[in-house]
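Chain by chain, the residues:
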Amino acid sequence: MNVVVCVKQIPDPADPGALDPNTKTLKRDGKLILDESDSYGVEMALQLVDAAGSGEVTLVSMAPNGEVSGLRTALAMGAAKAVLVSDDALAGSDALGTSKVLAKAIARAGEADLILTATESSDGYTGTVPEQIAELLQLPSVTFAKEIAVDGSTLKVQRQTEAGYDEVECPLPAVVSVTAGVVEPRYPSFKGIMAAKSKPVDQVTIADLGIDAASVGWAGAGQEIVEIAQAEAREAGTIIEDDGEAFAQVVKFLDDLKVV
Amino acid sequence: MTDYRAPIKDAMFALRHIGQLDDLLATELYSHVDAETVATVLEEQGRFMQEVFAPLNASGDREGLKWSPEGVKTPEGFPAAYQKFVDAGWQGLGAHTDFGGAGFPEAVAAMANEFDIAANGALSMCPGLTTGAIECLQAWGTEEQKEVYLPKLVTGEWTGTMNLTEPQAGSDVGLSTTKAVKQDDGTYLVTGTKIFISFGDHDMAENIIHLVLARLPEAPAGTKGISLFIVPKFLVNDDGSLGARNNVKCVSIEHKMGIHASPTCVLSYGDETGAIGYLVGEENQGMRAMFTMMNSARILVGIQGVALGDAAYQKALAYSQERLQGRKIGGDSKEPAPIIEHPDVRRMLLFMKSNIEAMRALIAYNASALDLERALEGDEAQRWGEIAELLTPVTKAWCTDVGVEVTSTAVQIFGGMGYIEESGVAQHFRDMRIAPIYEGTNGIQAMDLVGRKLGIRMGAVVGDFIAGIRSLDSDLAAAGDGFESIRANLADAVSSLDETTQWVMTNGLADPLQALAGATNYLRLFGTVTGGWLLARQALAAKGEIDAGSDDVAYLGAKITTARFYAEQCLPLAHGIAQTARAGAGALYEVDATTLESV
Ligand SMILES: Cc1cc2nc3c(=O)[nH]c(=O)nc-3n(C[C@H](O)[C@H](O)[C@H](O)COP(=O)(O)OP(=O)(O)OC[C@H]3O[C@@H](n4cnc5c(N)ncnc54)[C@H](O)[C@@H]3O)c2cc1C
Chain A
55 MNVVVCVKQI PDPADPGALD PNTKTLKRDG KLILDESDSY GVEMALQLVD
105 AAGSGEVTLV SMAPNGEVSG LRTALAMGAA KAVLVSDDAL AGSDALGTSK
155 VLAKAIARAG EADLILTATE SSDGYTGTVP EQIAELLQLP SVTFAKEIAV
205 DGSTLKVQRQ TEAGYDEVEC PLPAVVSVTA GVVEPRYPSF KGIMAAKSKP
255 VDQVTIADLG IDAASVGWAG AGQEIVEIAQ AEAREAGTII EDDGEAFAQV
305 VKFLDDLKVV
Chain B
38 MTDYRAPIKD AMFALRHIGQ LDDLLATELY SHVDAETVAT VLEEQGRFMQ
88 EVFAPLNASG DREGLKWSPE GVKTPEGFPA AYQKFVDAGW QGLGAHTDFG
138 GAGFPEAVAA MANEFDIAAN GALSMCPGLT TGAIECLQAW GTEEQKEVYL
188 PKLVTGEWTG TMNLTEPQAG SDVGLSTTKA VKQDDGTYLV TGTKIFISFG
238 DHDMAENIIH LVLARLPEAP AGTKGISLFI VPKFLVNDDG SLGARNNVKC
288 VSIEHKMGIH ASPTCVLSYG DETGAIGYLV GEENQGMRAM FTMMNSARIL
338 VGIQGVALGD AAYQKALAYS QERLQGRKIG GDSKEPAPII EHPDVRRMLL
388 FMKSNIEAMR ALIAYNASAL DLERALEGDE AQRWGEIAEL LTPVTKAWCT
438 DVGVEVTSTA VQIFGGMGYI EESGVAQHFR DMRIAPIYEG TNGIQAMDLV
488 GRKLGIRMGA VVGDFIAGIR SLDSDLAAAG DGFESIRANL ADAVSSLDET
538 TQWVMTNGLA DPLQALAGAT NYLRLFGTVT GGWLLARQAL AAKGEIDAGS
588 DDVAYLGAKI TTARFYAEQC LPLAHGIAQT ARAGAGALYE VDATTLESV
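Just so you know, the sequences run in chain order A and B.
Remember, the working numbering sits 54 above the position in the first sequence when you count from 1.
Remember, the working numbering sits 37 above the position in the second sequence when you count from 1.
A few of these clues could be false.
Unchecked claim - Once the Cα atoms are required to be at most 27 Å apart in a straight line, the calculated DSS-like pairs of lysine-lysine come out as: (1) K245(A) <-> K183(B); (2) K46(B) <-> K85(A); (3) K110(B) <-> K293(B); (4) K251(A) <-> K46(B); (5) K85(A) <-> K245(A); (6) K121(B) <-> K135(A); (7) K183(B) <-> K219(B); (8) K253(A) <-> K219(B); (9) K46(B) <-> K81(A); (10) K135(A) <-> K78(A); (11) K121(B) <-> K200(A).
What the hints assert, rightly or not - Away from chain B, derived, C-beta distances all over 10 Å, residues of chain A: (12) P70; (13) L80; (14) Q186; (15) E189; (16) S207.
No wet-lab data here; the hints were simulated from the structure.
The model shown is predicted, which means the values in this text are computed figures rather than measured ones.
Here a beta-carbon is modelled for each residue, glycine too, at the ideal position from N, C-alpha and C.
With the hints as constraints, model all of the structure from the sequences given.
So this is what it looks like as structure tokens:
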């Protein structure tokens, strides 16, 4: 079984990020790392290939400046190869632009039985790319997977909902977004890191993918960030002294929030 | 509380500019390693430690260990975290490639070790001791012993211990009385009690390989009569599977000031049937075997200084930006300012930062000298070996003493909160305090420096080392603006070191007591000046990178300022420390035990 995983490389969330006041987008000129949300998809893919007994995991990523650091992490975890799309013309791409590029890159990655993504990236949060890719590739789309099993040519997914989960089935190939936290991503082993050095990364431009520059980047974006504002400062919390009756206040607090 | 972040950029900077990374990677021995992989390895190892070891640091300290006759139970989460460490293969980073190791330079392993110690000082002692066992067996084990024990030690599936200390034999290992008697089948029966054995028992691995110093029945007295034995917790069958439980028991664990999650065990050998041991190396040559791993084991303890120092610094720096007290001097705001605005708090932060970077550089340099000794041949190898010998006691003692001061300074920055356990800095200070004591007390290190190391090649090694520090002067002069105080203070400090070294060598030959009386202060002087030299070299390297157009001006500029702070506020102390190192033994023996009594 061959699985393609779309992975995003993002600025390290532990470093203070900055927005470019002109473009109103996140500055991403420094070193990028594997988006944690994608590490679950990579782990899920590795487990599925393991369970199938054959096949491999291929990564697909779009990133500026030929960035491969995050890809190397996922390759060190066990993915076999990667396709990286890097092109100056891609700066400013909106969600649909990104999906167009990823869909083409997925096709370039070879026969895939399954395409995994995260539900949303940790630095952009549009949360629409997985469904757009499915549409562009004319494949079934399943979202918020918490468990995935393959039975012949049928995909069985437990799809997380607010109340519990749905059991969903669809034919393969399909595009499935994986909920963060549903598996424990493995750490790259030392051997994995060494092996990752020689794993192939197919670096391509939009021309290689046959994409028209006018349909992506700032030029092709149908979506625009018109304003950015400072997040409101968090208000100080309330401290309840427990005189034995604090539970009542906690219940009232939760009740006011309408969570109980 | 601030989460620990591994200082990967500075570790790479220290490796490249002080740890001779390019020279190392150009040798045949390390030809399988490249600089990019080194960077990736440090990043992934650092991330692993941040995410897996660090979250258990405070909880492990609070929960501590549980002893029962069945053995020692480590705190919640420790066995699982250790298993991940094994799965990721980090134990093998510096081990030889023959038995599954990655064969990376010690200098690189040293930087990685900083991250695991900083993330979790107590837990990281276990892999540290395993590394010691690996090195010992690599150097002295028979082929068969290597095949039986090394593969599992290198993966970390089995862990190692070092058994030197006994109730009556601490600094003076020669007083040990644990016995070993040869059996007809060539094995030895070991009986006796060892104390203070770190990770002497635990529940994180299926087997523990104890390396034990013991004495044969007719052995000469003192260190010349000590032999080294492998005593596995579980005997190993011919097919490699685990066999019978050996007769070694953890009879109790200590209650300690710090490293609460590191079991410090009393191990009883052979109180029923005799514990089966296997001789390592030759009979009566145990101390020699110990000495082979001594350099790297001592450097590893030195690393605890920089590691816990940096962990504490990171917390203190964050707190200094959050805590509002007092007004900014010269500011117009009536609002309370973050304490980082106050000069004394800045002094403390820069004291910490500069000493941390000096320690990191000293460790990189010392470890790279060990690597070059191994990787080169002939005179060159010997030269680097001598430098490693000279520096090792300084790395061990200076870094651990400074580590105590740095962690203590972090407590100070927190004010009253620093004394409260919740802040987390108190733990680093408590955990740090053992390092000047074990692996040869710092007093013993100072005697080693003065008594043995200064004399190597009739003083030529230390002479060349000091000349090397002096020779930086022309580069500092050429660097011009911003380097004046670094240059002037280093020149003064190295003169103090030079004169004092002459004094110690002259007087030490005539009357050892005079030299040994000042040994600890001499080591302090040596470390202080060497730290200043390494910071100055880093400042020059940072300037070089800026001049070459690097865009990381903030980081590089701070390196220059840090070196300047150290030159202006730490190096001038060299002159005073030199006086104390040359004070001689006079006053020390004008008093006796009775006149010393305070009541
Ligand atoms: C938490 C912990 C973990 C440890 N782990 C291990 C371990 O894994 N394996 C192991 O074998 N041991 C271990 N030790 C033991 C440790 O190495 C010894 O405590 C240390 O070597 C000092 O020995 P001592 O305690 O007997 O002190 P002593 O030797 O009694 O020293 C007391 C004081 O006298 C000074 N002194 C002693 N002799 C001289 C001298 N000749 N000249 C000048 N000054 C001198 C010392 O510097 C010290 O200040 C551990 C100890 C602790 C507390």
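Do the hints match the structure? See the list:
Under the criterion of a C-alpha separation no larger than 27 Å, the hint pairing K245(A) with K183(B) is consistent with the structure, at around 22 Å. Restraint check: the Cα-Cα separation between K46(B) and K85(A) comes to about 12 Å, which is no more than 27 Å; the hinted pair holds. For the hint linking K110(B) to K293(B), the alpha-carbon distance of about 16 Å falls within 27 Å, and the restraint holds. At most 27 Å may separate the alpha-carbon atoms for a hinted pair to count; K251(A) and K46(B) meet this at roughly 20 Å.
Distance check on the hinted pair: K85(A) and K245(A) sit about 23 Å apart at the alpha-carbon level, within 27 Å; holds. Taking the CA atoms of K121(B) and K135(A), the gap is near 25 Å; set against the 27 Å cutoff, the hint holds. A threshold of 27 Å between alpha carbons decides the hint, and for K183(B) with K219(B) the separation of about 21 Å falls inside it, so the pair holds. With a C-alpha separation of about 54 Å, the suggested pair K253(A) and K219(B) falls outside the 27 Å cut-off, and the hint is violated.
Between the alpha carbons of K46(B) and K81(A) the distance comes to roughly 20 Å, so the proposed pair stays at or under 27 Å and holds. At roughly 33 Å between alpha-carbon atoms, K135(A) and K78(A) are farther apart than 27 Å, so this suggested pair is violated. At roughly 23 Å between alpha-carbon atoms, K121(B) and K200(A) fall within 27 Å of each other, so this suggested pair holds. Every CB of chain B is more than 10 Å from the CB of P70(A) (nearest about 12 Å), matching its label as outside the interface.
Listed as a non-interface residue, L80(A) keeps its Cβ farther than 10 Å from every Cβ of chain B; the least gap is roughly 19 Å. Once the 10 Å rule is applied to beta carbons, Q186(A) is consistent with being away from chain B; the minimum gap is 31 Å. Residue-level check passed: E189(A) sits 35 Å from the nearest beta carbon of chain B, beyond 10 Å. No beta-carbon of chain B is positioned within 10 Å of the beta-carbon of S207(A); the least distance is around 33 Å.
Hints 8 and 10 from the earlier list are contradicted by this structure; the remaining hints agree with it.
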